[in-house]
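Using the sequences plus the hints, can you model the full thing?
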Amino acid sequence: LRQINWQRQFRLFYLAQFLEEIVTKRHDLLRQLEDLVTQQKSIQLEHAVLHNLDVQTSDLPDEILALIFEAGLTPDEPRFGELVSHVSQRWRRIALATPWLWANIRMHRIKITVPCFSGGNPEPFFSWYECNGWKEMATAYFTRCKSLPIKIHIRGLTKQDFTPIILRLIGDHIGHCSQLFLEHVPREILPKLLKFFKHQPVPILRSFALTLELNTNLNEDPFPLEPPLLTTGQVGNIQPRFLQYLVPAFASVTSLRYTDITVTDREAYDFLRNCLMGLRLLHHLEIQLTSYESLSPNPLSIVLPTVQLLHVASADTNESIYINWAVANIRADALITFSLNARMKTKTSPSNRLSLPCST
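Under the numbering used here, the residues of the sequence shown are numbered 20 to 379, in order.
Just so you know, these hints were derived from the structure itself, not from any lab. The hints are all genuine.
Label-pair distances were calculated between CB atoms; the ranges are:
hint: 1; residue 1: Thr-93; residue 2: Asp-284; range: 41 to 47 Å
hint: 2; residue 1: Met-296; residue 2: Thr-93; range: 34 to 40 Å
hint: 3; residue 1: Glu-312; residue 2: Ala-116; range: 56 to 62 Å
hint: 4; residue 1: Leu-314; residue 2: Arg-225; range: 31 to 37 Å
hint: 5; residue 1: Ala-334; residue 2: Arg-225; range: 25 to 31 Å
hint: 6; residue 1: Arg-187; residue 2: Ala-90; range: 31 to 37 Å
hint: 7; residue 1: Glu-53; residue 2: Ile-23; range: 42 to 48 Å
hint: 8; residue 1: Phe-32; residue 2: Leu-64; range: 44 to 50 Å
hint: 9; residue 1: Ala-334; residue 2: Gln-63; range: 52 to 58 Å
hint: 10; residue 1: Leu-115; residue 2: Gln-63; range: 18 to 24 Å
hint: 11; residue 1: Glu-286; residue 2: Thr-158; range: 41 to 47 Å
hint: 12; residue 1: Glu-286; residue 2: Leu-186; range: 32 to 38 Å
Pairs of lysine to any residue residues, derived as SDA-like cross-links and limited to a Cα-Cα distance of at most 20 Å, are as follows:
hint: 13; residue 1: Lys-165; residue 2: Gln-219
hint: 14; residue 1: Lys-211; residue 2: Thr-235
hint: 15; residue 1: Lys-217; residue 2: His-192
hint: 16; residue 1: Lys-165; residue 2: Leu-115
Here a beta-carbon is modelled for each residue, glycine too, at the ideal position from N, C-alpha and C.
The following block contains the structure:
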(Lines of atoms letter the chains of each structure in order from A; the text may use other names.)
(Lines give C-alpha, C1' and ligand atoms only; values in the text may rest on other atoms or scores of the structure.)
Protein backbone atom coordinates (compact mmCIF):
# COMPACT_ATOMS: atom_id res chain seq x y z
CA LEU A 20 0.00 0.00 0.00
CA ARG A 21 1.05 3.54 -0.76
CA GLN A 22 2.24 5.46 2.29
CA ILE A 23 0.30 8.65 3.11
CA ASN A 24 2.45 11.73 3.49
CA TRP A 25 0.71 13.33 6.46
CA GLN A 26 2.91 16.39 6.35
CA ARG A 27 1.79 17.10 2.78
CA GLN A 28 -1.83 16.45 3.71
CA PHE A 29 -1.66 18.95 6.57
CA ARG A 30 -0.14 21.48 4.18
CA LEU A 31 -2.95 20.95 1.67
CA PHE A 32 -5.54 21.37 4.43
CA TYR A 33 -3.88 24.61 5.55
CA LEU A 34 -3.73 26.00 2.02
CA ALA A 35 -7.41 25.18 1.41
CA GLN A 36 -8.38 27.04 4.57
CA PHE A 37 -6.16 29.96 3.57
CA LEU A 38 -7.82 30.16 0.13
CA GLU A 39 -11.26 30.21 1.76
CA GLU A 40 -10.16 33.07 3.99
CA ILE A 41 -8.86 35.00 0.96
CA VAL A 42 -12.16 34.49 -0.88
CA THR A 43 -14.10 35.67 2.18
CA LYS A 44 -11.90 38.75 2.59
CA ARG A 45 -12.22 39.49 -1.11
CA HIS A 46 -16.01 39.38 -0.89
CA ASP A 47 -15.88 41.65 2.14
CA LEU A 48 -13.68 44.12 0.26
CA LEU A 49 -16.02 44.09 -2.74
CA ARG A 50 -18.98 44.82 -0.46
CA GLN A 51 -17.01 47.64 1.14
CA LEU A 52 -16.17 49.00 -2.31
CA GLU A 53 -19.84 48.90 -3.32
CA ASP A 54 -20.73 50.74 -0.12
CA LEU A 55 -18.08 53.37 -0.88
CA VAL A 56 -19.41 53.82 -4.42
CA THR A 57 -22.94 54.27 -3.05
CA GLN A 58 -21.70 56.80 -0.51
CA GLN A 59 -19.74 58.62 -3.21
CA LYS A 60 -22.80 58.96 -5.43
CA SER A 61 -24.90 60.22 -2.54
CA ILE A 62 -22.27 62.78 -1.52
CA GLN A 63 -21.73 63.88 -5.12
CA LEU A 64 -25.47 64.41 -5.56
CA GLU A 65 -25.73 66.47 -2.38
CA HIS A 66 -22.62 68.44 -3.37
CA ALA A 67 -24.08 69.15 -6.82
CA VAL A 68 -27.43 70.26 -5.37
CA LEU A 69 -25.80 72.62 -2.87
CA HIS A 70 -23.41 73.94 -5.53
CA ASN A 71 -26.23 74.60 -8.01
CA LEU A 72 -28.15 76.57 -5.38
CA ASP A 73 -25.36 79.16 -5.26
CA VAL A 74 -24.46 79.48 -8.97
CA GLN A 75 -25.41 82.70 -10.76
CA THR A 76 -28.01 80.98 -12.94
CA SER A 77 -29.88 79.41 -10.02
CA ASP A 78 -32.25 82.38 -9.68
CA LEU A 79 -32.95 82.70 -13.41
CA PRO A 80 -36.43 81.64 -14.51
CA ASP A 81 -36.62 78.61 -16.76
CA GLU A 82 -37.73 80.77 -19.69
CA ILE A 83 -34.63 83.00 -19.44
CA LEU A 84 -32.33 80.00 -19.17
CA ALA A 85 -33.95 78.49 -22.26
CA LEU A 86 -33.25 81.72 -24.19
CA ILE A 87 -29.61 81.58 -23.06
CA PHE A 88 -29.38 78.00 -24.31
CA GLU A 89 -30.82 79.01 -27.68
CA ALA A 90 -28.31 81.86 -27.93
CA GLY A 91 -25.52 79.30 -27.51
CA LEU A 92 -26.51 77.58 -30.75
CA THR A 93 -24.06 78.53 -33.50
CA PRO A 94 -22.94 76.88 -36.76
CA ASP A 95 -19.80 75.79 -34.90
CA GLU A 96 -21.81 74.40 -31.98
CA PRO A 97 -24.90 72.83 -33.54
CA ARG A 98 -25.13 70.31 -30.71
CA PHE A 99 -25.09 72.81 -27.87
CA GLY A 100 -28.29 71.24 -26.58
CA GLU A 101 -26.48 67.98 -25.89
CA LEU A 102 -23.85 69.85 -23.89
CA VAL A 103 -26.19 71.78 -21.60
CA SER A 104 -28.48 68.78 -21.12
CA HIS A 105 -25.69 66.98 -19.24
CA VAL A 106 -24.85 69.73 -16.74
CA SER A 107 -27.57 69.30 -14.12
CA GLN A 108 -31.02 67.85 -13.74
CA ARG A 109 -32.62 71.30 -14.01
CA TRP A 110 -30.63 72.20 -17.11
CA ARG A 111 -31.53 68.88 -18.68
CA ARG A 112 -35.22 69.38 -17.96
CA ILE A 113 -35.12 72.85 -19.53
CA ALA A 114 -33.03 71.71 -22.51
CA LEU A 115 -35.35 68.81 -23.32
CA ALA A 116 -38.31 71.20 -23.19
CA THR A 117 -36.66 73.67 -25.62
CA PRO A 118 -37.32 72.36 -29.15
CA TRP A 119 -35.01 74.88 -30.90
CA LEU A 120 -32.01 73.13 -29.34
CA TRP A 121 -32.88 69.99 -31.32
CA ALA A 122 -33.92 71.47 -34.68
CA ASN A 123 -30.58 70.81 -36.42
CA ILE A 124 -30.62 67.06 -37.08
CA ARG A 125 -27.38 65.51 -38.30
CA MET A 126 -27.41 61.93 -39.51
CA HIS A 127 -23.69 61.46 -40.10
CA ARG A 128 -22.05 58.06 -40.32
CA ILE A 129 -18.73 59.73 -41.10
CA LYS A 130 -17.21 62.92 -39.77
CA ILE A 131 -14.38 65.00 -41.15
CA THR A 132 -11.45 65.95 -38.95
CA VAL A 133 -9.69 69.28 -38.77
CA PRO A 134 -7.37 70.00 -41.74
CA CYS A 135 -3.84 68.62 -41.49
CA PHE A 136 -0.69 69.43 -43.41
CA SER A 137 2.02 66.98 -44.46
CA GLY A 138 5.55 67.57 -45.70
CA GLY A 139 5.90 70.56 -47.97
CA ASN A 140 2.40 70.24 -49.41
CA PRO A 141 0.61 73.57 -48.91
CA GLU A 142 -2.80 71.97 -49.44
CA PRO A 143 -4.47 70.48 -46.34
CA PHE A 144 -5.74 66.93 -46.24
CA PHE A 145 -8.65 65.61 -44.23
CA SER A 146 -9.33 62.26 -42.65
CA TRP A 147 -12.68 60.72 -41.84
CA TYR A 148 -13.86 58.64 -38.94
CA GLU A 149 -17.09 56.87 -38.12
CA CYS A 150 -19.59 58.45 -35.75
CA ASN A 151 -20.93 55.98 -33.22
CA GLY A 152 -24.50 56.23 -31.95
CA TRP A 153 -25.69 58.52 -34.74
CA LYS A 154 -28.98 56.64 -35.15
CA GLU A 155 -29.93 56.94 -31.49
CA MET A 156 -28.95 60.61 -31.40
CA ALA A 157 -30.88 61.42 -34.59
CA THR A 158 -33.95 59.67 -33.19
CA ALA A 159 -33.68 61.73 -30.01
CA TYR A 160 -33.42 64.96 -32.00
CA PHE A 161 -36.46 64.10 -34.13
CA THR A 162 -38.44 63.40 -30.96
CA ARG A 163 -37.40 66.59 -29.16
CA CYS A 164 -37.75 69.09 -32.02
CA LYS A 165 -41.55 68.74 -31.96
CA SER A 166 -43.09 70.51 -35.00
CA LEU A 167 -40.57 73.34 -35.40
CA PRO A 168 -38.93 74.02 -38.80
CA ILE A 169 -35.91 71.73 -38.87
CA LYS A 170 -32.67 71.17 -40.76
CA ILE A 171 -31.86 67.61 -41.83
CA HIS A 172 -28.27 66.86 -42.84
CA ILE A 173 -27.61 63.31 -44.07
CA ARG A 174 -23.99 62.42 -44.86
CA GLY A 175 -22.11 59.25 -45.64
CA LEU A 176 -24.88 56.76 -44.89
CA THR A 177 -24.61 53.32 -46.47
CA LYS A 178 -27.29 51.20 -48.10
CA GLN A 179 -27.73 49.27 -44.86
CA ASP A 180 -28.36 52.49 -42.92
CA PHE A 181 -31.50 53.40 -44.86
CA THR A 182 -33.73 51.00 -42.96
CA PRO A 183 -37.55 51.27 -43.00
CA ILE A 184 -37.35 52.73 -39.49
CA ILE A 185 -34.95 55.49 -40.56
CA LEU A 186 -36.98 56.29 -43.69
CA ARG A 187 -40.19 56.40 -41.67
CA LEU A 188 -38.53 58.72 -39.17
CA ILE A 189 -37.47 61.10 -41.95
CA GLY A 190 -40.86 60.87 -43.63
CA ASP A 191 -42.70 61.77 -40.43
CA HIS A 192 -40.78 65.05 -40.16
CA ILE A 193 -39.92 66.05 -43.75
CA GLY A 194 -43.12 68.11 -43.88
CA HIS A 195 -41.66 70.68 -41.46
CA CYS A 196 -38.12 70.60 -42.87
CA SER A 197 -36.81 73.98 -44.07
CA GLN A 198 -33.30 72.82 -45.02
CA LEU A 199 -32.38 69.40 -46.42
CA PHE A 200 -28.80 68.35 -47.18
CA LEU A 201 -27.94 64.99 -48.77
CA GLU A 202 -24.18 64.48 -48.94
CA HIS A 203 -22.18 61.50 -50.27
CA VAL A 204 -25.30 59.62 -51.32
CA PRO A 205 -24.28 56.06 -52.35
CA ARG A 206 -25.08 54.95 -55.88
CA GLU A 207 -27.15 51.94 -54.87
CA ILE A 208 -29.42 53.90 -52.52
CA LEU A 209 -30.10 56.94 -54.73
CA PRO A 210 -33.08 55.45 -56.70
CA LYS A 211 -34.70 54.24 -53.48
CA LEU A 212 -34.19 57.60 -51.81
CA LEU A 213 -35.62 59.55 -54.74
CA LYS A 214 -38.62 57.23 -54.90
CA PHE A 215 -39.16 57.79 -51.19
CA PHE A 216 -39.11 61.59 -51.58
CA LYS A 217 -41.57 61.40 -54.47
CA HIS A 218 -44.45 60.94 -52.05
CA GLN A 219 -43.28 63.48 -49.45
CA PRO A 220 -44.65 67.06 -49.55
CA VAL A 221 -42.10 69.71 -48.57
CA PRO A 222 -44.18 72.89 -48.16
CA ILE A 223 -41.59 74.94 -46.23
CA LEU A 224 -38.33 73.66 -47.77
CA ARG A 225 -36.17 76.70 -48.60
CA SER A 226 -32.70 75.19 -48.97
CA PHE A 227 -31.71 71.90 -50.61
CA ALA A 228 -28.32 70.31 -51.29
CA LEU A 229 -27.51 67.07 -53.11
CA THR A 230 -23.94 65.81 -53.48
CA LEU A 231 -23.49 62.41 -55.09
CA GLU A 232 -20.60 59.99 -54.93
CA LEU A 233 -18.36 59.81 -57.97
CA ASN A 234 -19.78 58.02 -61.05
CA THR A 235 -23.34 58.24 -59.74
CA ASN A 236 -26.06 59.48 -62.07
CA LEU A 237 -29.58 60.72 -61.50
CA ASN A 238 -32.52 58.91 -63.04
CA GLU A 239 -33.74 60.39 -66.30
CA ASP A 240 -36.96 61.51 -64.64
CA PRO A 241 -38.11 64.82 -63.17
CA PHE A 242 -36.72 65.30 -59.69
CA PRO A 243 -39.35 64.07 -57.20
CA LEU A 244 -39.25 67.02 -54.80
CA GLU A 245 -41.51 69.97 -55.63
CA PRO A 246 -40.62 72.65 -53.07
CA PRO A 247 -42.71 75.78 -53.72
CA LEU A 248 -40.55 78.01 -51.47
CA LEU A 249 -37.10 76.76 -52.49
CA THR A 250 -34.64 79.65 -52.90
CA THR A 251 -31.21 78.08 -52.27
CA GLY A 252 -29.80 75.05 -54.06
CA GLN A 253 -26.50 73.21 -54.00
CA VAL A 254 -25.53 70.28 -56.20
CA GLY A 255 -22.25 68.43 -56.59
CA ASN A 256 -20.82 65.58 -58.66
CA ILE A 257 -23.80 65.73 -61.01
CA GLN A 258 -23.00 65.66 -64.71
CA PRO A 259 -24.47 68.57 -66.71
CA ARG A 260 -26.67 66.21 -68.76
CA PHE A 261 -28.44 65.11 -65.57
CA LEU A 262 -28.74 68.61 -64.15
CA GLN A 263 -31.72 69.23 -66.43
CA TYR A 264 -33.86 66.92 -64.29
CA LEU A 265 -33.36 69.27 -61.34
CA VAL A 266 -34.38 72.44 -63.16
CA PRO A 267 -38.17 72.09 -62.60
CA ALA A 268 -37.64 71.63 -58.86
CA PHE A 269 -35.20 74.58 -58.84
CA ALA A 270 -37.50 76.97 -60.73
CA SER A 271 -37.76 79.35 -57.76
CA VAL A 272 -34.06 79.17 -56.80
CA THR A 273 -32.27 82.51 -56.52
CA SER A 274 -28.92 81.21 -55.20
CA LEU A 275 -27.14 78.17 -56.64
CA ARG A 276 -23.82 76.49 -55.90
CA TYR A 277 -22.78 73.86 -58.46
CA THR A 278 -19.56 71.98 -57.67
CA ASP A 279 -17.41 69.32 -59.33
CA ILE A 280 -18.49 70.25 -62.85
CA THR A 281 -17.00 68.33 -65.77
CA VAL A 282 -17.39 69.80 -69.26
CA THR A 283 -15.46 67.70 -71.78
CA ASP A 284 -17.45 68.25 -74.98
CA ARG A 285 -20.02 70.52 -76.60
CA GLU A 286 -22.92 68.33 -75.53
CA ALA A 287 -22.01 68.72 -71.86
CA TYR A 288 -21.56 72.47 -72.38
CA ASP A 289 -24.98 72.78 -74.02
CA PHE A 290 -26.62 70.93 -71.14
CA LEU A 291 -24.88 73.22 -68.65
CA ARG A 292 -25.85 76.32 -70.63
CA ASN A 293 -29.50 75.34 -71.00
CA CYS A 294 -29.85 74.43 -67.32
CA LEU A 295 -28.29 77.62 -65.98
CA MET A 296 -30.27 79.78 -68.39
CA GLY A 297 -33.43 77.90 -67.36
CA LEU A 298 -33.14 79.30 -63.83
CA ARG A 299 -34.92 82.59 -64.50
CA LEU A 300 -34.71 83.99 -60.95
CA LEU A 301 -31.02 83.30 -60.34
CA HIS A 302 -29.02 86.21 -58.92
CA HIS A 303 -26.26 84.40 -56.97
CA LEU A 304 -24.24 81.71 -58.77
CA GLU A 305 -21.17 79.78 -57.62
CA ILE A 306 -19.58 77.16 -59.87
CA GLN A 307 -16.57 74.93 -59.25
CA LEU A 308 -14.89 73.25 -62.22
CA THR A 309 -13.18 69.87 -62.13
CA SER A 310 -12.56 69.84 -65.88
CA TYR A 311 -13.51 72.33 -68.57
CA GLU A 312 -12.33 71.87 -72.13
CA SER A 313 -11.93 74.70 -74.61
CA LEU A 314 -14.46 74.34 -77.44
CA SER A 315 -13.92 75.31 -81.06
CA PRO A 316 -15.66 77.02 -82.69
CA ASN A 317 -16.71 79.20 -79.77
CA PRO A 318 -20.03 78.03 -78.32
CA LEU A 319 -23.03 80.21 -77.66
CA SER A 320 -22.64 82.29 -74.51
CA ILE A 321 -24.31 81.36 -71.24
CA VAL A 322 -26.56 84.41 -70.84
CA LEU A 323 -27.48 85.10 -67.22
CA PRO A 324 -29.32 88.44 -67.22
CA THR A 325 -30.38 88.30 -63.56
CA VAL A 326 -27.10 87.17 -61.94
CA GLN A 327 -25.54 89.85 -59.74
CA LEU A 328 -22.94 87.77 -57.88
CA LEU A 329 -20.74 85.23 -59.68
CA HIS A 330 -18.03 83.05 -58.14
CA VAL A 331 -16.00 80.75 -60.39
CA ALA A 332 -13.57 78.25 -58.90
CA SER A 333 -11.35 75.40 -60.00
CA ALA A 334 -11.18 72.19 -58.00
CA ASP A 335 -7.42 72.44 -58.55
CA THR A 336 -6.53 75.91 -57.30
CA ASN A 337 -3.28 75.76 -59.28
CA GLU A 338 -5.17 75.43 -62.57
CA SER A 339 -6.53 78.75 -63.85
CA ILE A 340 -7.13 77.95 -67.51
CA TYR A 341 -10.48 76.27 -66.70
CA ILE A 342 -11.69 79.49 -65.15
CA ASN A 343 -10.53 81.56 -68.10
CA TRP A 344 -12.44 79.41 -70.59
CA ALA A 345 -15.57 79.27 -68.44
CA VAL A 346 -15.72 82.99 -67.69
CA ALA A 347 -15.19 83.84 -71.35
CA ASN A 348 -18.43 81.98 -72.12
CA ILE A 349 -20.56 83.66 -69.45
CA ARG A 350 -22.50 86.85 -70.10
CA ALA A 351 -23.99 88.52 -67.02
CA ASP A 352 -24.90 92.14 -67.79
CA ALA A 353 -26.33 92.77 -64.30
CA LEU A 354 -23.18 91.50 -62.57
CA ILE A 355 -22.10 93.49 -59.51
CA THR A 356 -19.70 91.14 -57.72
CA PHE A 357 -17.25 88.67 -59.27
CA SER A 358 -14.73 86.40 -57.53
CA LEU A 359 -12.51 83.41 -58.30
CA ASN A 360 -10.16 81.13 -56.40
CA ALA A 361 -7.47 79.92 -58.84
CA ARG A 362 -3.79 80.86 -58.77
CA MET A 363 -2.36 82.29 -61.97
CA LYS A 364 0.73 80.32 -62.98
CA THR A 365 2.26 83.34 -64.69
CA LYS A 366 1.48 87.00 -65.11
CA THR A 367 2.52 87.15 -68.74
CA SER A 368 1.17 84.01 -70.37
CA PRO A 369 -1.73 84.97 -72.68
CA SER A 370 -3.26 81.51 -72.29
CA ASN A 371 -3.65 82.07 -68.56
CA ARG A 372 -4.83 85.68 -68.71
CA LEU A 373 -8.33 86.05 -67.31
CA SER A 374 -10.80 87.52 -69.77
CA LEU A 375 -14.22 88.88 -68.91
CA PRO A 376 -16.85 89.45 -71.59
CA CYS A 377 -17.80 93.06 -72.12
CA SER A 378 -21.40 94.18 -71.97
CA THR A 379 -22.77 96.25 -74.83
